[in-house]
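Using the hints, position chain B against chain A.
Chains as they are written, first to last, in the working numbering: chain A, 1162 to 1372; chain B, 1162 to 1372.
Be a bit skeptical, because a hint or two may be false.
Stated by the list, open to error - No farther apart than 27 Å at their CA atoms in a straight line, the calculated lysine-lysine pairs in the DSSO-like style are these:
id, chain 1, residue 1, chain 2, residue 2
1, A, Lys1354, B, Lys1290
2, A, Lys1263, B, Lys1290
3, A, Lys1290, B, Lys1363
As the list claims (entries may be wrong) - Example chain B residues on the side facing chain A (calculated, C-beta under 7 Å, incomplete):
id, residue
4, Met1241
5, Glu1320
6, Tyr1350
FYI, nobody ran anything at the bench for these hints, they're computed from the structure. Here the structure is a predicted model, which means the values were calculated and not measured. Virtual Cβ for every residue (Gly too), placed ideally from N, Cα, C.
Okay, here's what each chain looks like letter by letter:
Number of protein chains: 2
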Amino acid sequence: MLHLPLSIIQSWSRFYRGNFVNCLSGFKSVSLIGTINKEGDTNLSVFSNIIHLGADPALIGFINRPREAAPHTLANIESMGWFTINHIHQEIIEQAHQTSAKYDEGESEFAAVGLTPEWQAEIPVPYVKESLVKYALQLVEIIPITHNNTFFVIGTLKEAWIDDSILEEDGFLSIERAGSVTSLGVDGYYDTKRLARYAYAKPNSAPREIP
Amino acid sequence: MLHLPLSIIQSWSRFYRGNFVNCLSGFKSVSLIGTINKEGDTNLSVFSNIIHLGADPALIGFINRPREAAPHTLANIESMGWFTINHIHQEIIEQAHQTSAKYDEGESEFAAVGLTPEWQAEIPVPYVKESLVKYALQLVEIIPITHNNTFFVIGTLKEAWIDDSILEEDGFLSIERAGSVTSLGVDGYYDTKRLARYAYAKPNSAPREIP
Chain A
1162 MLHLPLSIIQ SWSRFYRGNF VNCLSGFKSV SLIGTINKEG DTNLSVFSNI
1212 IHLGADPALI GFINRPREAA PHTLANIESM GWFTINHIHQ EIIEQAHQTS
1262 AKYDEGESEF AAVGLTPEWQ AEIPVPYVKE SLVKYALQLV EIIPITHNNT
1312 FFVIGTLKEA WIDDSILEED GFLSIERAGS VTSLGVDGYY DTKRLARYAY
1362 AKPNSAPREI P
Chain B
1162 MLHLPLSIIQ SWSRFYRGNF VNCLSGFKSV SLIGTINKEG DTNLSVFSNI
1212 IHLGADPALI GFINRPREAA PHTLANIESM GWFTINHIHQ EIIEQAHQTS
1262 AKYDEGESEF AAVGLTPEWQ AEIPVPYVKE SLVKYALQLV EIIPITHNNT
1312 FFVIGTLKEA WIDDSILEED GFLSIERAGS VTSLGVDGYY DTKRLARYAY
1362 AKPNSAPREI P
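Just chain A, same shape as in the assembly (with noise of 0.2 Å):
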């Protein structure tokens, strides 16, 4: 094992330290966000901290890095309340991750990347028209995170749209199914395999499979 104390942690460049951090917590639920301001224009990017928080009230947030880093998403969920989430697979890894450029705030995503904005009844957010599982949500609550200046974003789940394939008998969704992937640090994208899911755990049994 290598063993990294703080001091060489913070010894390392930006660059190099941020990969290395970003990694260090863990795949994460990757995913692309649309939005859309008071003028119209959409605006789409890839978010790779998506964050379930609760499934009664269905609460799913996301952090937002620094205003100056990411403003469009927060400014446009500040002023219309709303926004999407929609799962990347493996076919849309690469115009998923091209939302991350700079684009300025006039300039739609959707275009620029070649996605199809999606428009559902009574939802006034675009969603992603070639992605899998998606889903619309309310604004709840902004918690800024004074340590870094990021923001907790919370919304409250609204509808979701699913392919066919996914839902279990249990409402456990097979997302690997739809090719659904996973994120690691700031650029890397995954596939996934079941390895196993668990029967609810109790201090006298042993683990049990679900088949």
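Showing chain B alone in chain A's frame:
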């Protein structure tokens, strides 16, 4: 595509809805969190909402469920101010999942599930000896999420221990080489395979793969 409006999602049983919403947000960075209480009792519990917050300062957090559902890790961090986060590889997923059983406060999950506490200089909380990627954090802040009584626990990185084989020349960690898994929903564990890494994206350049 299957359309699931909120009225349908709300009509489901707690169990079914829990599986669904937990999967909808995508793959998660599952790890074991090690803590200790003032009496010296060690505690180990699986958490699947580890959150990368920033690299400078290096801040990593996690979501703790409501206090009545998951009291020990939170109480230990509140009183001692430290915790470790330990990646889970394929050989220990059964033991890792078993730590989610509701053991009494005095009973250590390490002994109950068959994992080994490991102590390192200047770190007052236990690591998991079997884990191949692990790091220690000192508490920075616990943010109560009022909407569902969860907690966002934020720590600052103090040191890391990583398998010799995973550190790339640019600081990226190929944690899949150490077998680190990702999770889905409350009970699914997944192996991963790298699809691609992409260079920093710019508006007028095509995406470029990092070899």
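A quick look at each hint next to the structure:
| no. | hint | in the structure |
| --- | --- | --- |
| 1 | Lys1354/A - Lys1290/B | 26 Å, holds |
| 2 | Lys1263/A - Lys1290/B | 43 Å, violated |
| 3 | Lys1290/A - Lys1363/B | 23 Å, holds |
| 4 | Met1241 | 19 Å, violated |
| 5 | Glu1320 | 5 Å, holds |
| 6 | Tyr1350 | 5 Å, holds |
Figure legend: structure checked against the earlier numbered hints; hints not met, in rising order: 2 and 4.
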